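What follows is the residue order along each chain.
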Amino acid sequence: MGFFFEVLIGGLLSGVMYSLVAIGFVLIYKASGVFNFAQGSMVLFSALTFVSLLERHVPFWLAFGMTMLTMIALAWAVERFVLRPLVNRPPITLFMATLGLSYIVEGLAQAVWGAQVHGLELGISDEPFEFLGLLLSQFDLFAAGVAGALVLLLSFLFNKTRTGIELRAVADDQLAALSVGIKLQKLWLIVWAVAGFVGLVAGLLWGARLGVQFSLSLIVLKALPVLIIGGFTSIEGAIVGGLIVGASEKLAEVYIGPIIGGGIENWFPYVLATVFLLIRPTGLFGEQTIERV
Amino acid sequence: MIYRESGQFITSYRADNRLFKLHQDRFSFYALLAFAFIVVPFIGNDYWFSAVLIPFLVLSLAGLGLNLLTGYAGQLSLGSAAFMAVGAFAAYNFHLRIEGLPFLVSFFFGGITAAAVGVIFGLPSLRIKGFYLLVSTLAAQFFVQWALTNFAWFSHNSSSGVITAPPLIILGHDFSNPVGRYLLTLTIVVALGLIARSIVKSEIGRQWMAVRDMDTAASVIGISVSKAKLLAFGISSFFLGIAGSLWAFTYLGTVEPHGFDLTRSFQILFIIIIGGMGSISGNFIGAAFIVLLPILLSVISNHLLSGAIDAGQLENFQKIIFGALIIFFLIKEPNGLAKYWQTFRQRARVWPLRF
Chain A
1 MGFFFEVLIG
11 GLLSGVMYSL
21 VAIGFVLIYK
31 ASGVFNFAQG
41 SMVLFSALTF
51 VSLLERHVPF
61 WLAFGMTMLT
71 MIALAWAVER
81 FVLRPLVNRP
91 PITLFMATLG
101 LSYIVEGLAQ
111 AVWGAQVHGL
121 ELGISDEPFE
131 FLGLLLSQFD
141 LFAAGVAGAL
151 VLLLSFLFNK
161 TRTGIELRAV
171 ADDQLAALSV
181 GIKLQKLWLI
191 VWAVAGFVGL
201 VAGLLWGARL
211 GVQFSLSLIV
221 LKALPVLIIG
231 GFTSIEGAIV
241 GGLIVGASEK
251 LAEVYIGPII
261 GGGIENWFPY
271 VLATVFLLIR
281 PTGLFGEQTI
291 ERV
Chain B
1 MIYRESGQFI
11 TSYRADNRLF
21 KLHQDRFSFY
31 ALLAFAFIVV
41 PFIGNDYWFS
51 AVLIPFLVLS
61 LAGLGLNLLT
71 GYAGQLSLGS
81 AAFMAVGAFA
91 AYNFHLRIEG
101 LPFLVSFFFG
111 GITAAAVGVI
121 FGLPSLRIKG
131 FYLLVSTLAA
141 QFFVQWALTN
151 FAWFSHNSSS
161 GVITAPPLII
171 LGHDFSNPVG
181 RYLLTLTIVV
191 ALGLIARSIV
201 KSEIGRQWMA
211 VRDMDTAASV
221 IGISVSKAKL
231 LAFGISSFFL
241 GIAGSLWAFT
251 YLGTVEPHGF
261 DLTRSFQILF
271 IIIIGGMGSI
281 SGNFIGAAFI
291 VLLPILLSVI
301 SNHLLSGAID
311 AGQLENFQKI
321 IFGALIIFFL
331 IKEPNGLAKY
341 WQTFRQRARV
351 WPLRF
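Line by line, the protein sequences are chains A and B.
Its first residue numbered 1, the first sequence is counted upward by one per residue in this note's numbering.
Its first residue numbered 1, the second sequence is counted upward by one per residue in this note's numbering.
These are calculated hints, taken from the structure and not from any lab test.
Being a predicted model, the structure only gives us computed values, none of them experimental.
Note that beta-carbon positions come from the ideal geometry of N, C-alpha and C, so glycine has one too.
Mixed in with the good hints, there may be bad ones.
Stated by the list, open to error - What the simulated footprint calls covered on chain B by chain A, stretch by stretch (three residues with Cβ under 8 angstroms from a Cβ of chain A suffice, anywhere in the stretch; the number is not a length):
(1) 133-144
(2) 238-250
(3) 330-337
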C-alpha cells in the first residue's frame, strides 16, 4: 500500500509540472481564443535563453529579467506579425499559425543558442525525504508550491483587476470587445507576455529536472491531455487535469505496463482524455457551448 | 484567350459530371500525364526518381488523404502518420503471411486496415468537436507507434521493428529499379487522385463540405453527420494507408515505426496548408514545395555560401523558414498555392483584358 501511495504522490507531483505548462496555454486561450501550440516552444525558448545567459556568467536575477524582456519582445512580435493580421479568422487558422510559430521559435532558439543539452541548477535539492513513511521529493514539493502561487496570482489578475475583466471580455467575443473600446492589441501583448512568464517558470523547473534541451518543447504534448481533461478555459481545470494525468499515467505505467508492455506513458493520457471527453465533451471545467444555426 | 470557353456547351448530365469541363483543362491534364508517364522515365536519373519524384508522389497522396478529412470534412487531425504506419505494416504483414498474394492486393488490404483503424479513432469525433478532437488523433499517433514498436509480431520479429520491402514483382514484372518504382507509384497516385476527385464531386463530398462549414446546419438539412464524419475518417485513412505502404515499399525499402512519427504528421499538415485546404491539386503543389524546399536550401548553402552553414544550423533555418511560410500563407493566402493557380487561370481566361 505504501508503494501505491508513493507512485500516486510521485504522479500527482509530476502532474503539477504538466499543469504549469498548461496554465500558460489556458491564459492565451482564455484571452484570445487561440489554441497555442507554440507554448511548448516558448518553454524551450525561455529556458534556453535563461540557461545560456547563466552560462555566460550573468547573475541569476539579471538573467531572469533579460529572459523576461526577450519573452515580452517575442510577445510583441507575435501580436504584431501573427495575431493582428489574423484577427477574426476561424480558430483553426489561428491554431495552424501557432504551429508555424512553434517551428519558428524552436528553430530560432536552437539557431541562437545551439542544440546541446544544458544543465540547470536552481539550488533546490532533489533529496527525497520521508514523510509518514512515504518518500517525497523536495523539488517536486517546491514545484507544487510555485504552481499554487502562480494560480493564486493569475486568478487574482483575472478576477479582480480591470485588465482581467477586459481579458475575459475579449475571450468571449473579440469583435464585441473591440467595439466597446477594449484595446485588443495591448491585451494580447499582456497575455502573451504573461504566458511567456509562465513558460519561463515552467521551463526553469522542467529544465532543472531534465536539463534544458529540445525535448522541453515536446512537453506541450503532455500538456494537451491535461487541458482537454481540465477544459481549455479554466486555470483550476489545468491544475486538476494535471493531477489526474500525472497520477493516472504513473499508476498505469506501474500497474498496467508490465501486463501489456512498457512505455504506455506516452499514449495513456490521450486515451484517458478521449474517454473523458466521451463523457464530458468540453472537459471538466470547460464552458458549455450552445449551437445555433 | 488561352482559356477561351465560348462554344463549349454542356448538354448532358454526363458532360456536366466530367472531371475537367473545359477542353483546355482536359488537354493539359492529359499532356501532363503523358509527360509524367512517357517522357520522365527517359529523362530522369536515379537521384531524381529516388530522392525527389517518389517522395513527392507519396507525400502528395498522403496530403490528399489528410485533405479529404481536414480540408473537405473539416476534422482536424494530427495522426496522419499513424495511419500511414498502419497501412505500411499491414501491407507488409498481408504480403508476408498470405502466400502468393499479389502486391497490389496487399497494398489494398493495407489501405483497408488503415481505414478500419481510422474509423475506430474517428469514433470520438461523433461526440467531440473542434480542437478537442486533436486528442483522439494524437492518441492514434502515439498508440500506433507504441504498438508497432512494442509488439515484434508486426515487424515479423525483427529486432528493431524495421520492416524490409520484398521485391516488387507485379504480373511477372520486376518494379524494383528506380524507374519501375517511380512508374508504380505514379500509377497508384494518379488512380487514387482521380478517385479522390470523383469522391469530392459526388454526394459524399458535398456532405463533407456541409459538415465542415457548419455541422449543426448540415444535420438540420438532413445530412447524417455521423455517417459523413466516419466515412471521412475511413476514406482519408485508406488514402493515408496506401501512402504509407508506398512510403515503405517504393520509396524507402526499409522502414521502422519511428519513420512515422509526429513530425511526419506535421509535414503532411503543412503540405495541405501550403498547398491549399479543400483542393486536390493543392496537395501536389504543396508536396512539391515541401520536398523541393530543403533540397533548394541545401543547394543554396553549398554553392552560394560554399557550405558556411553547417547541417544543424541549416535544419534550424529550414524550420524557421517553414514556420514563417506557414504563417505567411495563412495571412496572405488562406487557400494556399492552389489559389494562385486558380487566379492565374482566371487571368488567362480573360486575357488580354484584366477583368
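Do the hints match the structure? See the list:
1. Coverage of the region 133-144 of chain B by chain A holds in this model, with 7 residues showing a Cβ closer than 8 angstroms to a Cβ of that chain against a need of three.
2. Coverage of the region 238-250 of chain B by chain A is violated. Counting CB-CB distances below 8 angstroms, 0 residues qualify, and the rule asks for three or more.
3. Given a C-beta distance limit of less than 8 angstroms, the hint that chain A covers the region 330-337 of chain B holds, as 3 residues qualify and 3 suffice.
Checked against the numbered hints given earlier, this structure breaks only hint 2.
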